[in-house]
Amino acid sequence: MVVTQPGELHEEHEHEHVHLPQHRHHFETEEQQREAASFGMWLFLLTEIMFFGGLFMAYLLYRNWYNPAFVAASHTLSIKLGALNTAILITSGFCMAMAVWAAETRKRKALVNFLGLTNFFGIAFLVVKYFEYAEKWHDSHIPGLKFSIADFGKLGVDMAQKTQVYYSLYFAMTGMHALHMIIGIVLIFWYMVRANRGEFTEGYVAPIENFGLYWHFVDIVWIFLFPLLYLIDLGAK
Amino acid sequence: MSTIVSLPDQSTAALPKRNYLNAEHGLLSWLLTGDHKRIAMLYLISITGFFFLGGAFAGLVRLELLTPAGDLLAADTYNKMFTMHGIVMIFLFLVPSVPATLGNFLIPIMIGARDLAFPKINLLSWYLYLIGGTFTLTALVLGGVDTGWTFTTPLSTHYLNTHVITTGLAIFVAGFSSIFTGLNFIVTIHRMRAPGMTWFRMPLFVWSNYAASILMVLGTPVLAIAIVLVVLERTIGLGVFDPAKGGDPLLFQHLFWFYSHPAVYIMILPGMGVISEVMANFSRKRVFGYTAVAFSSVAIAVFGFFVWAHHMFIMGVSNYSALVFSLLTMLVAVPSAIKIFNWSATLYKGSITFETPMLYAFGFIGLFTIGGLTGVFLGSLGMDIHLTETYFIVAHFHFVMVGGMLMAFLAGIHFWWPKMTGRMYPESLSKLAAVTTFIGFILTFFPQFILGYLGMPRRYHAYPADYQVLNVLSTAGATVLGVGYLLPILYLAWSLKYGEIAGPNPWQATGLEWQLQSPPLTENFTEIPYVDYEAYDFEWLAHKQKQEVTTVG
Amino acid sequence: MGISPVLWQFLNKWLTSSALFPKEASTIAPYADALYFFLLAMTLVGVLIVGALVFGFSLRYRKERSPEATQIEGSTLLEATWTIIPLVIFLVTFVWGALLYFRIYNPPANSMNIYIVGKQWMWKAEHPGGQHEINTLHVPTGRPVQLTMISQDVFHSYSIPEFRVKREVIPGRYSTVWFNATEPGVYHLFCTQYCGTLHSGMIGTVTALSPDDYQKWTDASTSGMSLAQNGERLFASLGCNQCHTGDAGARGPNLAGLYGKKVQMEDGSTQLANEAFLRDTILNPSSHVPAGYKPIMPTYQGQISEEGLIDLVEYLKSLKTNYRVQQTLTTATSTEAAPTTPGMVKP
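Chains as they are written, first to last, in my numbering: chain A, 22 to 258; chain B, 412 to 964; chain C, 5 to 351.
If you're looking for bench data, these hints aren't it; they were derived computationally from the structure.
Just to be clear, a hint being listed does not mean it is correct.
Calculated pairs, DSSO-like style, for lysine-lysine (alpha carbon to alpha carbon, straight line, at most 27 Å) [to be verified]:
no. : chain 1 : residue 1 : chain 2 : residue 2
1   : C       : Lys220    : B       : Lys955
2   : B       : Lys842    : B       : Lys908
3   : A       : Lys175    : C       : Lys298
4   : C       : Lys324    : B       : Lys957
5   : C       : Lys321    : C       : Lys265
6   : A       : Lys101    : A       : Lys175
7   : B       : Lys760    : C       : Lys265
8   : C       : Lys265    : C       : Lys27
Given only the sequences and the hints, what does the whole structure look like? Please build it.
Here's what the structure looks like:
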């Protein structure tokens, strides 16, 4: 029978926690709410993995077929800029981790500052990316829009044409990654406003934690993209 | 005519004063609601609209096929019709049908929660669905799209001049709606179960929706990226699938079917959940082999991910992968067989009554058995060569999706209608609708199996005259089917105002949802229940009712 | 009694001219039909069992006769039964289907080869003797015929229901199917893969002729030049013979006798020189550099039509010894501009 037990479970918790304004009433306890949010975020990241997974599958297939084209096209990318961006993104990830720490230890000022730093590095990443894309435009390496195989004289014409597949994947993968960065940056601005109001430094840290997961996920995607796109067969240069 | 329907005394019965329908008033209170029940109703209204839109396209397709010559519609119009029929029915009706309406309404109640874990995301799902629907309608108004719902490259990327991008975006957005619904369900089922509601006390409806949610969360993003690449290929000319640039058009089909095969399980699994509930309730018996049915849902979800290439047997996949995928296809057929037998065995030593939901459920079992077994024809490599891309495929798919899923959806709508609205529908009219649907369905789609074996290709605007007789039968059947689908919307709408008051538990069912008032309160439960009985425990129900009588007396 | 004439006509048509099964017109067809009837029987038995259970229980245990339900947990034995029996049946189907699949897609060694080029919305057939057909296909009975097919644009699918064979026709890649027609007659030919506006117009006929009639047809419709002869001219006019001279020290490898051999590649792999290999080597030479040669061959992508490629492939297949190459070489140098078939070489 539906024996209603007058809150045997949640009463316990209510003694431990102060009842926060962010507590949503369909959750029995704040603990439950927090767990649900974090679980949901992990599931969302799983979705994201599958999303990028399709692109990685395509990459694997074509790199196997057109390895010389992939090597040659990859060498037209600037490893320096790529490495710089990797460093920027790792720093940004570190700042994000610090922001989570600040939220957990209830340091409002530090939280806002670290979020700001995270965002600064995120934007810096996009600026560098912009210059890389501009270079591609200048060199006519954008399939469909502006493309020429002039830089790949060493390859046969037929293989040089296949560099278009590499660049298609390069733009699709880095473009999707950049789109995730842009979404993240917009969200951070919003979180900064809310953090400044002190919303996340009174014990309600779930949004910051979960956003941190998202941000780290975007970092990790880049950690895979960098070697796969920039560092192919360096010995062959 | 025996019946278990136990309605309260109609002269005194009244709808509960406070319920989720009248908790707040005004359009905005619906459009900004976080209540899973209201969102379910929003979904119900919108998917019904799209169902009849998709049905209208199907009607035109069948009408064109009445005669062998392409005389009613121009070839490209016909192509647009079947494309829009497929896109609307699959992405805007079948995928959200049971999960987003019945699932949304019932899952939180069935597991003893006040709402889904993320009510705002739930509302967002509905808006995304609407945006997807709007994009589809935009594409339609602008002139339609004629890629077929499969968007095969390079046809869709380079050879057609219709609104592929708009439609692609529609599917992309609607896909996120489905991802968020699935995510919400999984989190809710993991984290929000009431005390005592263990995994094996959950109703099988929850299990099957859980399995479908896994598919939504893991499969849909792959479709999303495939569609993005098609759109990028059309707009700026990236070359991932373009053979002229070195891309492989077959890769698109791999990515597409990686979602779209599991998608048929997204569509059918929740329907199977409905059938489990209905069969148990109207035979007054727990579902035979509860764990087997529960695990078969999960098995379908898991195997469902590894059979996608059976859509491509004749497309030059290697012999080895053809063998592996055919074998796995045979394996995925087994859990469905298990379910069919368990439902049949549920009837054994029951006390069976034949209300409308039960009739639809019988229809489901019959048609799904045929649909499932004809799937084995197609999974069998050599047979697939002759049958694929013919009307046999069309018939098989419609037996599973329309004969199976739509029957299940209607069974569920009729079963939970009293709970959702607090009112009963006219029983004899609804039985008539169920029988009409069944007859119309058989007449429409059975001839298509024969057409398929004769070799009539699908998606043909005109066809050789020797296939006409069967096509005429099919079109005639479609008319009957159309009537069968129009009836429910009429009497269900009527019942909203004039139906008899249902009371909390008209079917004498055991589910947690039936122990609440109909329609339920916005917060479902005033106190979160403690669950100490298993699903379909009719002895517990009998005991409880005896208790109530003693207390009241 | 006024039965409406339309209805009468319909009934008449139904009873007289509506088949349930297509004609069996190839050696494959009986095998396919055998599996089909097995599967039909399986479906029938399955539906009967489920129907008997549902109807039987519904009658026996309806509320009037069985007012009180007996609660039953389940039965592991029964679960196992209806897991294992369907599994076994499905596995039988799998094995049977796989055998049929290999029967349909593995051509016998002695089959004659016809090339099919699909494009929106027509089928072109090219016979080795140089006969061209559009939306028709003439084949002899009693002899295995292999179709080597390719699409110029989108996916198509070549389907002959009376032969129970079908195969996707893919852009940029050869696919094959074979059959052995048993009965002379005219059969449906369909494109079954949706390919755009006039998809349903991409149909035609396959005419199976007795060997004598086929011979007559071949003689009557030849264009005078076999595919290999066309290929020979193309080989010369494209200048292929300047590197592939057939000499030991030539810049390109000797092509005589290449077809059907395994070729050692520069990157260490070996590739089988079949039709697909020959075609792809002309278009994507960089991916097929044989061991010991430099990657200097230019690509002919965009310069040769699919028909031209077929001619070249047929020519290369016909090169059993070096003699013909040498001959082609001299022909090319002596009569400066070798007569080219119009439309074969695109500028």
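Verification of the supplied hints:
{"no.": "1", "hint": "Lys220/C with Lys955/B", "verdict": "violated (89 Å)"}
{"no.": "2", "hint": "Lys842/B with Lys908/B", "verdict": "holds (20 Å)"}
{"no.": "3", "hint": "Lys175/A with Lys298/C", "verdict": "holds (12 Å)"}
{"no.": "4", "hint": "Lys324/C with Lys957/B", "verdict": "violated (95 Å)"}
{"no.": "5", "hint": "Lys321/C with Lys265/C", "verdict": "holds (11 Å)"}
{"no.": "6", "hint": "Lys101/A with Lys175/A", "verdict": "holds (23 Å)"}
{"no.": "7", "hint": "Lys760/B with Lys265/C", "verdict": "violated (69 Å)"}
{"no.": "8", "hint": "Lys265/C with Lys27/C", "verdict": "violated (39 Å)"}
Consistency note: the structure conflicts with the earlier hints numbered 1, 4, 7 and 8.
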